[in-house]
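S.K.: Since the structure of chain A is already known, use the hints to place chain B on it.
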Amino acid sequence: MNEESRPVLVLREIYKSFGAVKALKDVSTEVRKGELITFLGPSGCGKTTLLRCIGGLTKPDAGDVFLDGERINDLTPDKRGTQMCFQNYALFPHMTVAGNIGYGLQVHKWKKKRIQERVEELLHLVRLDGLGDRPIDKLSGGQQQRVALARALALEPKILLLDEPLSNLDANLRVLMRASLREIQKRVNITTIFVTHDQFEAMSISDRLIVMREGIVEQIGTPHEIYEKPSSEFVASFVGYVNILNGVVRHMGSETEPTVVSTELGDLEVLGSENDIEVNQRVFLIIRPETIQVRPYGEATEINEFKSTVITSMYGGSTIKYTVDIQGKNIVIDQFDPCNVGIFEIGKKVTVVIPQNVHILKK
Amino acid sequence: MNEVAEARITRRSRTLWQSIKDFVAARTISTTGILLFLLLATFLLWPLIAVLIKSIAGSEGFTLQHYKNFLTEPYYYQSLINTLILGILTTTVCISVGFIISYITTRGPRFLRKPLKMLSLLPLIAPPYIFALSLIILLGRNGMITKALNLNWNIYGFSGCVIAQTLAFLPLAYLMIENSISTLNPNLEDSAANLGASEGKILRSIIIPLLTPGILKAALIVFVMAISEFGNVAILSGRTPFLAPDIYTIVTGIEMNFNMGSVLSMFLILPCAIIFVIQNYLIKGKGYTTILGKPVAAEPRRINPAILIPFLLVAILVSGLIFVTFGVVGMGTLTNIVGVDNTFTLNHILDWRSNMALVNSLRVSLLSGCFGAIMGVLLAYVIVRGSFRARTALEGIALAGFTLPGTVFGIGYIFAFNRPPLLLTGTMMILVINCMFRFLAVGMEAGINKLNQLSIEVEEASLNLGASTATTFRRIVLPIVFPAFMYGFMYVFMTSMVSLSAVVFLVSPGQNLASVFIFQWANYGYIGLASATTYKLIAIVGASLAIIQALSRWTGLRPTAAGGGV
Numbered sequence: 001m002n003e004e005s006r007p008v009l010v011l012r013e014i015y016k017s018f019g020a021v022k023a024l025k026d027v028s029t030e031v032r033k034g035e036l037i038t039f040l041g042p043s044g045c046g047k048t049t050l051l052r053c054i055g056g057l058t059k060p061d062a063g064d065v066f067l068d069g070e071r072i073n074d075l076t077p078d079k080r081g082t083q084m085c086f087q088n089y090a091l092f093p094h095m096t097v098a099g100n101i102g103y104g105l106q107v108h109k110w111k112k113k114r115i116q117e118r119v120e121e122l123l124h125l126v127r128l129d130g131l132g133d134r135p136i137d138k139l140s141g142g143q144q145q146r147v148a149l150a151r152a153l154a155l156e157p158k159i160l161l162l163d164e165p166l167s168n169l170d171a172n173l174r175v176l177m178r179a180s181l182r183e184i185q186k187r188v189n190i191t192t193i194f195v196t197h198d199q200f201e202a203m204s205i206s207d208r209l210i211v212m213r214e215g216i217v218e219q220i221g222t223p224h225e226i227y228e229k230p231s232s233e234f235v236a237s238f239v240g241y242v243n244i245l246n247g248v249v250r251h252m253g254s255e256t257e258p259t260v261v262s263t264e265l266g267d268l269e270v271l272g273s274e275n276d277i278e279v280n281q282r283v284f285l286i287i288r289p290e291t292i293q294v295r296p297y298g299e300a301t302e303i304n305e306f307k308s309t310v311i312t313s314m315y316g317g318s319t320i321k322y323t324v325d326i327q328g329k330n331i332v333i334d335q336f337d338p339c340n341v342g343i344f345e346i347g348k349k350v351t352v353v354i355p356q357n358v359h360i361l362k363k
Numbered sequence: 001m002n003e004v005a006e007a008r009i010t011r012r013s014r015t016l017w018q019s020i021k022d023f024v025a026a027r028t029i030s031t032t033g034i035l036l037f038l039l040l041a042t043f044l045l046w047p048l049i050a051v052l053i054k055s056i057a058g059s060e061g062f063t064l065q066h067y068k069n070f071l072t073e074p075y076y077y078q079s080l081i082n083t084l085i086l087g088i089l090t091t092t093v094c095i096s097v098g099f100i101i102s103y104i105t106t107r108g109p110r111f112l113r114k115p116l117k118m119l120s121l122l123p124l125i126a127p128p129y130i131f132a133l134s135l136i137i138l139l140g141r142n143g144m145i146t147k148a149l150n151l152n153w154n155i156y157g158f159s160g161c162v163i164a165q166t167l168a169f170l171p172l173a174y175l176m177i178e179n180s181i182s183t184l185n186p187n188l189e190d191s192a193a194n195l196g197a198s199e200g201k202i203l204r205s206i207i208i209p210l211l212t213p214g215i216l217k218a219a220l221i222v223f224v225m226a227i228s229e230f231g232n233v234a235i236l237s238g239r240t241p242f243l244a245p246d247i248y249t250i251v252t253g254i255e256m257n258f259n260m261g262s263v264l265s266m267f268l269i270l271p272c273a274i275i276f277v278i279q280n281y282l283i284k285g286k287g288y289t290t291i292l293g294k295p296v297a298a299e300p301r302r303i304n305p306a307i308l309i310p311f312l313l314v315a316i317l318v319s320g321l322i323f324v325t326f327g328v329v330g331m332g333t334l335t336n337i338v339g340v341d342n343t344f345t346l347n348h349i350l351d352w353r354s355n356m357a358l359v360n361s362l363r364v365s366l367l368s369g370c371f372g373a374i375m376g377v378l379l380a381y382v383i384v385r386g387s388f389r390a391r392t393a394l395e396g397i398a399l400a401g402f403t404l405p406g407t408v409f410g411i412g413y414i415f416a417f418n419r420p421p422l423l424l425t426g427t428m429m430i431l432v433i434n435c436m437f438r439f440l441a442v443g444m445e446a447g448i449n450k451l452n453q454l455s456i457e458v459e460e461a462s463l464n465l466g467a468s469t470a471t472t473f474r475r476i477v478l479p480i481v482f483p484a485f486m487y488g489f490m491y492v493f494m495t496s497m498v499s500l501s502a503v504v505f506l507v508s509p510g511q512n513l514a515s516v517f518i519f520q521w522a523n524y525g526y527i528g529l530a531s532a533t534t535y536k537l538i539a540i541v542g543a544s545l546a547i548i549q550a551l552s553r554w555t556g557l558r559p560t561a562a563g564g565g566v
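Protein sequences appear in the order of chains A and B. By this note's numbering, the letter at position 48 of the first sequence is numbered 48, and the numbering carries on one by one without gaps. By this note's numbering, the letter at position 397 of the second sequence is numbered 397, and the numbering carries on one by one without gaps.
If you are wondering where the hints come from, they were derived from the structure by calculation, not from laboratory data. You may find that some hints are simply not true.
Simulated pairs of lysine to any residue, SDA-like, Cα-Cα distance not exceeding 25 Å [to be verified]:
| no. | chain 1 | residue 1 | chain 2 | residue 2 |
| --- | --- | --- | --- | --- |
| 1 | B | LYS114 | A | PHE18 |
| 2 | A | LYS59 | B | LEU334 |
| 3 | A | LYS79 | B | ARG301 |
| 4 | A | LYS79 | B | PRO483 |
| 5 | A | LYS307 | A | ILE343 |
| 6 | A | LYS33 | A | ASP198 |
| 7 | A | LYS112 | B | SER205 |
| 8 | B | LYS117 | B | PRO483 |
| 9 | A | LYS138 | B | THR183 |
| 10 | A | LYS111 | B | GLY196 |
| 11 | A | LYS109 | B | LYS201 |
| 12 | A | LYS138 | B | GLY214 |
| 13 | A | LYS22 | A | LYS33 |
| 14 | A | LYS307 | A | GLU269 |
Pulled out of the complex, with its shape left as it was, chain A reads as follows (with noise of 0.2 Å):
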């Protein structure tokens, strides 16, 4: 096993109630070292508790945590080499920028001469040099959110942890800092675990996304996987708009001949897919709205040709967004570069080609 995909933390059949309220239900995952990987799902799905659970904050029922093979259910937040970055940072208000960041340090007894070493390190691994002495309420608040990754790292944890750490930003800065932030990451190869609600910002920050929903963990996989091959409808929907169509598989395909599902639209053929389904079997289709194409009204006479109206359409600049009538049912599609291809009216006839490669799932 090579170093980079060793586990580095692992769960074991976590469970966590509060109250009534069952928080987490049967949690087991693997963390890699050197990974980014994100918790991702709705608010009250458990991924916070899961977060506060490896960092010490959070007992849980059942189950196990291990780090690096150590079991460490029962060490307190400071003796296991996690460190957390909360979502509102709480940095000590009546701080430096310099003494937040040094704080561990201090606590941990350094020489005054490194602890100011280090935190010069630190502030320019966060990209804030010579800002040491500012008090932190004049820092705006992406300078804040460094601040807080600064303390975090100054100790060298085995693994930050960082809870909803972009929310508090405004939408143009957090697209920057997501991309410092893992910038920050590889560059110091640590191994982190990111929540958020915010399947964009997941996709685009993660190595590997965990995809949680009331307690339970629905999905492992690399953003690709999770985005393309979903495993429920549930994912689907939550990493993106789908439209679903319900089928029934009419006939088996192989490596050369697809696989025919009649569905509402009527019958489609689509191509190889790993599930293990079989004639008059009941599926779902997933069809994720960039993947179909919107033509001027013709002939629909290809294969997966629809002929249709256009009931909504939304310019976007680079998309254009329609919603069209097939047979009575309305699909969603996202249509690039609209300047181009041009822009159909609200009540036009069109034609709509859905591709062949779609995501199946089993009923």
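M.R.: The following block gives chain B in isolation, referenced to the frame of chain A:
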């Protein structure tokens, strides 16, 4: 209609409205402001000036002779020193214990939080000198413990005063410190703990520095209370001189030396004024605003037993003392002469003499509660929404009335309102006015907090829809500040029921108040009657609070200070 055209019309009518509205609003608010300023000046500043004048008034013109007498008389000098030491000791112990208890009730074991909080706040509904009563019953010359152990020592003197004052003003210290400790973001402590800080280190480097502004505020209030609310001190001091009870003796006793009483008052004001200035002008603005977002409610941090256990012991000991106090005063109520003749009796409770005073107290407190709360909210509105310069002066005068010693306002009212056109001495009105003006700052601060949360746009929307300033205030602002109004009412009502230091100078024979009545009988040594009246007073205050709670639950409007106030 075309949307653009519609928007344009709205905008034009808005500017027209704006100018009319601005004109009316500016005048309504500033007229109210001037009126309020005159009232505050008359009833809070003028009495203080009257005391100052009296302290330098001679037979012909002004003289410093009275000050000279004060400084050359060792008795007064000793009295001043004693008062300062009493204030400092009481404040130190109150703040430390208040901090410890609020630490336990916000971070300690969950099952202990509620009961500890209730016990710590219990003395608020009783007159502060209930502790003098219980100490006399336990440790007085004929006290239960004194006799049981055959002690030669008794509680009269310096130590008794400190103990009684500490227990009496602990609830106030606790309330204020708990208020600021509960606004601390618990993640700060989590972070520090995560970085390896011990419990002691977290206390020293995070919690205490962040609480310092709140603690200093509490310290000021407790200090002033400790040196001016002199019920306990007068009853327990024995032969030890203190300024506040001396003022009482000099002004109301055979001497009737108003000039010397005023000089003593000036020396009572001096330390308070110094702290008030330090607190309001030097520390103000040093508070740390919590950065970004609300504290996340989460599982409490486990407190290290090395800190938790000693804290718990202190908290339990002190709340135990409070519990015992209410117990022994209860015994005092139900026995002939507690400790001497312990036969059960209902005579003290049935004694009719206290009833008149209780009725008067209730009447005065209800009136001052209502007027005080109304004025507090009006002040808050004028301060937050007005645009004239004297706004800060308004707030400052109201706060000074709240912070400066009640004793001084007691004798100040005698001097200020004893001749026409402001002849008020001897009336019930003077008691109502004194109580409402001294305590209205609490409702005002709560109102300011509430109004700062209400965005001006909501009011503008109402004005835009055609409502006048007065209508807007009644229909929009009042419902929003109503919780602050209730909070102000509760504070003024409760404090008026139990406080003594000012009204003791102002009651006239026909219209005694319960707090004064208890004080007088306790001072004469009639513990049974004093205890029984204390319990009746507690019952009335408790029942009133219960009614307000029920009402607020019924209407859904809870009295809140919105994170501020005292």
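S.K.: Determine for every hint whether it applies to the structure shown.
M.R.: Tested hints:
Among the hinted pairs, LYS114 of chain B with PHE18 of chain A is consistent with the structure: their alpha-carbon atoms are about 20 Å apart, no more than 25 Å. A threshold of 25 Å between alpha carbons decides the hint, and for LYS59 of chain A with LEU334 of chain B the separation of about 52 Å lies outside it, so the pair is violated. Our distance criterion of 25 Å between C-alpha atoms is met by LYS79 of chain A and ARG301 of chain B, whose separation comes to about 15 Å. Annotation: proposed proximity of LYS79 of chain A to PRO483 of chain B is violated, straight-line Cα distance about 46 Å (limit 25 Å).
At roughly 17 Å between alpha-carbon atoms, LYS307 of chain A and ILE343 of chain A fall within 25 Å of each other, so this suggested pair holds. Of the pairs offered as hints, the one joining LYS33 of chain A and ASP198 of chain A holds, with about 24 Å between alpha carbons and a cut-off of 25 Å not exceeded. In summary, the hint linking LYS112 of chain A to SER205 of chain B is supported, as the alpha carbons are separated by about 17 Å, within the 25 Å threshold. Taking the CA atoms of LYS117 of chain B and PRO483 of chain B, the gap is about 22 Å. The hint holds against a cut of 25 Å.
The hinted pair formed by LYS138 of chain A and THR183 of chain B meets the criterion: a straight-line CA distance of about 21 Å does not exceed 25 Å. For the suggested pair LYS111 of chain A and GLY196 of chain B, the alpha carbons sit about 16 Å apart, so the restraint of at most 25 Å is met. Under the criterion of a C-alpha separation no larger than 25 Å, the hint pairing LYS109 of chain A with LYS201 of chain B is consistent with the structure, at around 12 Å. At most 25 Å may separate the alpha-carbon atoms for a hinted pair to count; LYS138 of chain A and GLY214 of chain B meet this at roughly 22 Å.
Taken as a hint, the LYS22 of chain A and LYS33 of chain A pair is broken in the structure, with Cα atoms around 30 Å apart against an allowance of 25 Å. Proposed proximity of LYS307 of chain A and GLU269 of chain A is supported: the alpha carbons are some 16 Å apart, at most 25 Å.
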